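Number of protein chains: 2
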Amino acid sequence: MRRLRIGMAQINTTVGDFLGNKKKILRAIDEARALGIDLLTFPELAICGYPPEDLLFKPQFVAENLKTLNAVVSDSSGITIIVGCVNAREDIYNAAAVIHDGRLVDIYHKIYLPNYGVFDENRYFQTGKGVPVYRLADIGIGVNICEDIWYEAGPATAQAYSGAEVIINISASPYHAGKGDARRKMLSTRATDNVAIIAYNNLVGGQDELVFDGNSMILDEKGELIAQGKQFEEDLIVADLDVEAVFRARLHDPRWRKESLLLDAERCQVARITISDKAPEYDKPSLPPRQLQTMKWPAEVYSALVLGTQDYVRKNGFQKVVIGLSGGIDSSLVAAIAVDALGASNVVGVAMPSPYSSPGSIADAKALTQNIGIKLLTIPIGEILQSYLETLKDNFQGTAPDITEENIQARIRGNILMALSNKFGWLVLTTGNKSETATGYTTLYGDMAGGFAVIKDVPKTLVYELAKYRNSLGARTSIPTSVIDKPPSAELRPDQKDTDTLPPYEQLDPVLTAYVEEDKNIEQIVNMGFSLDMVKKVARLVDTSEYKRRQAPPGIKITPRAFGRDRRLPITSRFKS
Amino acid sequence: MRRLRIGMAQINTTVGDFLGNKKKILRAIDEARALGIDLLTFPELAICGYPPEDLLFKPQFVAENLKTLNAVVSDSSGITIIVGCVNAREDIYNAAAVIHDGRLVDIYHKIYLPNYGVFDENRYFQTGKGVPVYRLADIGIGVNICEDIWYEAGPATAQAYSGAEVIINISASPYHAGKGDARRKMLSTRATDNVAIIAYNNLVGGQDELVFDGNSMILDEKGELIAQGKQFEEDLIVADLDVEAVFRARLHDPRWRKESLLLDAERCQVARITISDKAPEYDKPSLPPRQLQTMKWPAEVYSALVLGTQDYVRKNGFQKVVIGLSGGIDSSLVAAIAVDALGASNVVGVAMPSPYSSPGSIADAKALTQNIGIKLLTIPIGEILQSYLETLKDNFQGTAPDITEENIQARIRGNILMALSNKFGWLVLTTGNKSETATGYTTLYGDMAGGFAVIKDVPKTLVYELAKYRNSLGARTSIPTSVIDKPPSAELRPDQKDTDTLPPYEQLDPVLTAYVEEDKNIEQIVNMGFSLDMVKKVARLVDTSEYKRRQAPPGIKITPRAFGRDRRLPITSRFKS
Chain A
1 MRRLRIGMAQ INTTVGDFLG NKKKILRAID EARALGIDLL TFPELAICGY PPEDLLFKPQ
61 FVAENLKTLN AVVSDSSGIT IIVGCVNARE DIYNAAAVIH DGRLVDIYHK IYLPNYGVFD
121 ENRYFQTGKG VPVYRLADIG IGVNICEDIW YEAGPATAQA YSGAEVIINI SASPYHAGKG
181 DARRKMLSTR ATDNVAIIAY NNLVGGQDEL VFDGNSMILD EKGELIAQGK QFEEDLIVAD
241 LDVEAVFRAR LHDPRWRKES LLLDAERCQV ARITISDKAP EYDKPSLPPR QLQTMKWPAE
301 VYSALVLGTQ DYVRKNGFQK VVIGLSGGID SSLVAAIAVD ALGASNVVGV AMPSPYSSPG
361 SIADAKALTQ NIGIKLLTIP IGEILQSYLE TLKDNFQGTA PDITEENIQA RIRGNILMAL
421 SNKFGWLVLT TGNKSETATG YTTLYGDMAG GFAVIKDVPK TLVYELAKYR NSLGARTSIP
481 TSVIDKPPSA ELRPDQKDTD TLPPYEQLDP VLTAYVEEDK NIEQIVNMGF SLDMVKKVAR
541 LVDTSEYKRR QAPPGIKITP RAFGRDRRLP ITSRFKS
Chain B
1 MRRLRIGMAQ INTTVGDFLG NKKKILRAID EARALGIDLL TFPELAICGY PPEDLLFKPQ
61 FVAENLKTLN AVVSDSSGIT IIVGCVNARE DIYNAAAVIH DGRLVDIYHK IYLPNYGVFD
121 ENRYFQTGKG VPVYRLADIG IGVNICEDIW YEAGPATAQA YSGAEVIINI SASPYHAGKG
181 DARRKMLSTR ATDNVAIIAY NNLVGGQDEL VFDGNSMILD EKGELIAQGK QFEEDLIVAD
241 LDVEAVFRAR LHDPRWRKES LLLDAERCQV ARITISDKAP EYDKPSLPPR QLQTMKWPAE
301 VYSALVLGTQ DYVRKNGFQK VVIGLSGGID SSLVAAIAVD ALGASNVVGV AMPSPYSSPG
361 SIADAKALTQ NIGIKLLTIP IGEILQSYLE TLKDNFQGTA PDITEENIQA RIRGNILMAL
421 SNKFGWLVLT TGNKSETATG YTTLYGDMAG GFAVIKDVPK TLVYELAKYR NSLGARTSIP
481 TSVIDKPPSA ELRPDQKDTD TLPPYEQLDP VLTAYVEEDK NIEQIVNMGF SLDMVKKVAR
541 LVDTSEYKRR QAPPGIKITP RAFGRDRRLP ITSRFKS
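Just so you know, the protein sequences line up as chains A and B, in that order. Residue numbers 1 to 577, in this note's numbering, belong to the letters of the first sequence in order. Residue numbers 1 to 577, in this note's numbering, belong to the letters of the second sequence in order.
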């Protein structure tokens, strides 16, 4: 009976926190020993955190990472470990260290370096060349990293066709809504194509604009999910792998001898490396059954926003956050997310009514803070606004009120929130959604002022869904129904409505998705059933707002293409779609 | 006598301005015909502008680029043209179209794609494979693109060893101080190593954070500069190339048959393609002699700032700019640059005195505006400041005045400048220098508020040099001597000096260069002769200000590593150098 007890440590690392990351790794090793785990894995770049970006150019960063790796090696007696780290030879590599019983057995170098979307790995890493297959007694093991497994004729296949029965992929795969399904489908295909068990160890946690959702998976050689890590939480996933079943299945699988795949395997430089001659012992108590489940939309997105907010605030050393509350749905949702991320006592709401604020909005902000149990400061801006208008009177003589006066209000609010931040050390959370960010329906240095933009990548129509989802969680309503029901307004002039400036969000959002996320052109979007005028206007708004987005705070990516480094457009451009 | 009259059109293209770029290209073709030019070249991606970034993901952008290319082909009767464009086969390529007499002869694909510093070309382009050598009658010509020529055993060498006597490199090489010398040295080496004439056609103009400085060069087979384009200006460089001299030199050059280079050439897939069988006629009037000269520092940096500002403002459709004038040297220099870029009538200065502004500063701002001939608005902020302090009184009860009150002032000024921008359509230029940007000695949404940060990459010590340089240009002093002589101060509290918070700039700047641009660690910088405490403090200031820089407006790169996409650091990081 060839069996292997695997443990996948789905930990939440922090970039550059070598001490903290080491602690988490050593704690998982201790836990794994107690559970009789033979082989323990960690996520991609677990030693230094992911993605380290240009910190990789600092030689001392790489050196500390290697020092930390050595400490982990020293502490690995009696267990086999796969851990992500940076390796330095003549150049640097995104690597997986294979450690056994106090000894560094080998270091695998990532072969497929992603350089699209949010990724810049060609900027940093050399491409790995070797495709090792490890032997743990009579079990063949292949190790590769993240992107490597997404290619049909990649390292996993070469390893399988060279004797690997268990393929371990250590990963740092950023979340977007729906990505879990795509990953599972791909992993299932890879497992069945290679008739191999696949253990996919993903990272969990927030890092600037990215949330890694964990959701690690083990699939058997039939492509069936046999174990799964929690989503958006740390976890240690333990499973007993029936390696004998892989052998039997390969004997009976006609596809296993496909010529083309064999050729691919032959093209690779396969090294055969023995980790240990000693077989894992199997007088182990069996594992308790584990429930498999994946969160469903919009719960999943909501959890991503909570984790992303929590980690940005905490990893950057903040305790409390402050949020401007307009009584609208965006700020109400952000406040609820902040409460779930940080606790009500760490969230301060600020109402800053102006002469154009409706009494309903002020009441809604109050009701919200009572419902979610946060402190509310009320700081009216009327007098400050008057002093600006008075001061600018001479210069503005002969001009009609326009967007200038609206922006002054928004910027007074930004200044007040920043003053509270400066005085009390609270981080300002901004409340703009993706529909606004896309169209520039925001004030730079006004409502855009703050450290973290929680719902920056959430289209307005999804904001409504998330608010309703949040309300469905507790026994009583958190976000007042009137907030959800009233027509959206910036309330910067009398009787203002968002629809004065923008198409209704039910029309705007699909146009934005097509234009921003799918690179569709005007004609293609019109063919989806929208008017030419509207589509043209929206495209122009998106194009001409690039300068605002360039100065926007970071926020959590939850769609396949977020603004930020996921979408890099010039400000200076005369191109009209 | 084998001779070739070459013309290099050093034009200022705009990203996505297909119509405008085509016009410039066709105008240059007309001019070239009149001058009897046989072979006319254009910069890298001249058709679509450089760098187009994620616009390349829009199929319509690529399609319009090909349409424009076809128009250029149609208009090429009687001349040979090399022009940069995007080519689309199964994927897209950074390409050079070779056009002759109304016919597209071939398209070369760039082989070395830069993916470091400000460059992301692996994100977009496939790597070229072929290394063609073209025949224009009996003259061998190699064409390659920008990065291709920086590699010793790259396409240029393969082409030379396969019969190319003239190597054309079309380029879009961004400026930083001193880069011209590096380019000339490299091109000279490449010319002598390959015993070939090298014609290097660089782009000119500003695009967001980059300035392309032109400075195109032709070097003969001995590595001597025989023609050179203007720096920071459009130009058409014309030269008669003595190709016969290359042949003679090769006969006599023992290095020419070096084995290793021959091998390199053989490894490449060299295609031999005939452009035309007809030799260029040589009853042409000879060219007037051309003065060779390169600007010297700091004139060069000053010109880069002028061009970068001019192009950002004009290409984004602005007419006028507005600048907050503190009476300090940073804002004075920016105002002078703006005047040189846009003309005095397009620059508005705004003095916004507070209770902490010294009378000297107000007088200095006035004197500056009189000297450079721009309008000055004076908008005191005392009353607005009072209304903020009054409004926040209750919330701030029991706290001592601190940086909060200083930031409120800076943000009031930001709000006023943005209000003028909104009301009158003026672009706000910010005035922060690189030393401040590095250390976070700036107020987010305050003095950082604006569309373009002219001297963002200029260290403070260089700001002084540039101010003195500017003053040396005219008959009389532009930037008042008192501005240059007084100790720098933000004037946000009584008797404030920069040195209250920062080390003197003569010490700070070399530390910043070592830490930011050279990735030196604390120990290495201390060994340069600075105190451990000071270096540690500066490094911490740089590390913890990343969040501010992330929201900074774009500004002109003039050093080897600017903040922005040249240096991509996480905000969330626990790494301490």
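To be clear, the hints were calculated from the coordinates, so they are not data collected in a lab. Treat the numbers as computed from the prediction; the structure is a model and nothing was measured. Heads up, a few of these hints could be off.
No distinction is drawn between identical chains; accordingly, a pair holds when it is met within one copy or between any pair of copies.
[As the list claims (entries may be wrong)] Computed list of lysine-lysine pairs in DSS-like fashion (alpha-carbon distance at most 27 Å, straight line):
hint : residue 1 : residue 2
1    : Lys537    : Lys366
2    : Lys576    : Lys486
3    : Lys576    : Lys58
4    : Lys296    : Lys23
5    : Lys393    : Lys366
6    : Lys423    : Lys576
7    : Lys393    : Lys296
8    : Lys537    : Lys58
9    : Lys23     : Lys423
Status of the hints after comparison with the structure:
1. Lys537 - Lys366: neither (37 Å within a copy, 43 Å between copies)
2. Lys576 - Lys486: So Lys576 and Lys486 fail the 27 Å test inside a copy (35 Å) and across (49 Å) alike.
3. Lys576 - Lys58: between (41 Å within a copy, 11 Å between copies)
4. Lys296 - Lys23: Classified as neither: same-chain Cα gap 33 Å, cross-chain 54 Å, threshold 27 Å.
5. Lys393 - Lys366: Result: close only across copies, 22 Å inter versus 34 Å intra.
6. Lys423 - Lys576: Between copies only: 26 Å across chains, 45 Å inside a chain, cut-off 27 Å.
7. Lys393 - Lys296: For Lys393 and Lys296, neither the intra-copy (55 Å) nor the inter-copy (47 Å) Cα distance is at most 27 Å.
8. Lys537 - Lys58: between (46 Å within a copy, 18 Å between copies)
9. Lys23 - Lys423: Result: close neither inside a copy nor across copies, 34 Å intra and 56 Å inter.
Checked against the numbered hints above, the structure violates hints 1, 2, 4, 7 and 9; every other hint is satisfied.
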